[in-house]
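Let's have the full structure, built from the sequences with the hints guiding it.
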Amino acid sequence: GTSWGLGGTCVNVGCIPKKLMHYAALLGGALGDARHYGWDVAPPEQHNWTYMAEGIQNHIKSLNWGHRVQLQDRKIRYLNAQGSFLDEHVVRSVTKAGKEIDIMAEHIMVARGARPALQPSPRASDHEGRLEPRVPWLKRCLFLSRLVVGASYVALECAGFLTGFGLDTTVMMRSIPLRGFDQQMAHLVTDYMESHGTKFLKKCIVKKLEKLKDNQIQVTWENRELDKEEMGTFDTVLWAIGRVPETSNLNLEKVGVELHPTTQKIVVDAKEMTSVPHIYAIGDISQEGEERPTTAAIGSARRAPPSLPPAVSWTLIPLQVPTTVFTPLEYACVGLSEEEAEQRHGLDHIEVYHAYYKPLEFTVTERDASQCYIKMVCLREKDQRILGLHFVGPNAGEVIQGFALGIRCGATYSDLMKTVGIHPTCAEEVTKLKITKRSGLSAVITGC
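Just so we're aligned: the sequence shown equals residues 20 to 467 in our numbering.
Keep in mind that the hints were calculated from the coordinates and are not lab data. One thing to keep in mind: the hints can contain errors.
The calculated DSS-like cross-link candidates involving lysine-lysine, where the alpha carbons are at most 30 Å apart (straight line), are [to be verified]: (1) Lys-230 to Lys-218; (2) Lys-227 to Lys-37; (3) Lys-273 to Lys-115.
Per label pair, the in silico range of CB-to-CB distance [claimed, not checked]: (4) Lys-80 to Tyr-42: 17 to 25 Å; (5) His-442 to Glu-244: 43 to 51 Å; (6) Gly-365 to Leu-50: 45 to 53 Å; (7) Gly-74 to Gly-440: 30 to 38 Å; (8) Thr-384 to Ile-224: 33 to 41 Å; (9) His-55 to Asn-242: 22 to 30 Å.
Since the structure is predicted, the reported quantities are computational estimates derived from the model, not experimental observations. We treat Cβ as the ideally placed atom computed from N, Cα and C, and that holds for glycine.
And the structure:
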């Protein structure tokens, strides 16, 4: 019954359009850099949202079509219908026209995902049109000033590219940025964003929304830092306060599939099996995996079916899943944060190598690189096995992807020191980490 094409959140309103909009914003900054490198570039005009959106939507539609063709090539029957369990082996699907089709299966996989959460208290019916989660599908720019509520990676990524398009963007942060990520790295990301135009309302919680006569939204919030109520007016409010699993109308309780009492996600084991042995759940709808990147969910799909040949089977270790936050200055990581490593192993049993570096591309333009930073968390014993690697800087995801293989294979600090770096790249700085936090020495890299 979805109005989207095939591909789910990632293709239609998630990773793909997000990355393209992030790139569009980076191009705006690159126009300013180009003059320093000899290109006679006219001062950048105002960003054309409509033109960008059309290009992104066309690409998404091509992906939708590609998925449909792949299903046909593999002789997989596709039903655009709403499904729910009748019993342990029967799923009833209802089409948009109301036609019911019952499907019997020996094994069933639930991969329904999650949807953006909306605060119930300030959400009024007359605001619903502006509380939409489909930023990439807006055909024209409906906003000049925008409030982004939340400080997750989705919130910061959206705020980052909106600022990059020249829009007045404010982030309302209830507590800490990028919860679950290394907090030193998270604050480097928000510091960079703040220094490049994104405004932050810290330790604030929305209390009320009111629609004004000119269609603007008046927002009242509680500032917990100052212990007082404050007010502001915005063209649009974007909620990015988390996601809720799509488990409510699947009739899971009828077949005995266990849900987590707090999150309402489907509880699964390491093989994605639910409390009913022949029913599996993968992706954001499952509790064992929490909110995993698309690639991790794909990995789950590859290993979950009971028909999977043993030779292809593999175990997904959540701590070894690399990820990237596509903020204006990107942050990528794999493994434990410094806080997690200290909690698990104790401060005396970890060694943290770190460096502040300057990308070569930043030098001619004299761009500020004070937030470009690398941190590697290791065990202190023996060869110092790498527990976590964190990188803030350009193309962070491309840098971390290769190192993720090494860390999955048990790489040590000693292994890394024997690795030859590619010069001149940002990634090579990882192979040159020498300074530890424990030493107290300056971690600022000088020279080329």
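Results of checking the hints against the structure:
Proximity of Lys-230 to Lys-218 is assessed by CA-CA distance (about 22 Å); at most 30 Å being required, the pair is judged to hold. The straight-line distance between the Cα atoms of Lys-227 and Lys-37 is roughly 29 Å, inside the 30 Å bound, and the hint therefore holds. With a CA separation close to 24 Å, the supplied pair Lys-273 and Lys-115 stays within the 30 Å bound. The supplied range of 17 to 25 Å is met by Lys-80 and Tyr-42, whose beta-carbon atoms lie about 19 Å from each other.
At roughly 45 Å, the beta-carbon separation of His-442 and Glu-244 lies within the given 43 to 51 Å, and the hint holds. Remark: the range hint 45 to 53 Å for Gly-365 to Leu-50 is upheld by a beta-carbon distance near 49 Å. A C-beta distance of roughly 36 Å is found between Gly-74 and Gly-440, which places it inside the suggested range of 30 to 38 Å. Range check, Thr-384 to Ile-224: about 39 Å between beta-carbon atoms, so the 33 to 41 Å window is met.
For His-55 and Asn-242, the hinted distance range of 22 to 30 Å is not satisfied, since their beta carbons lie about 41 Å from each other.
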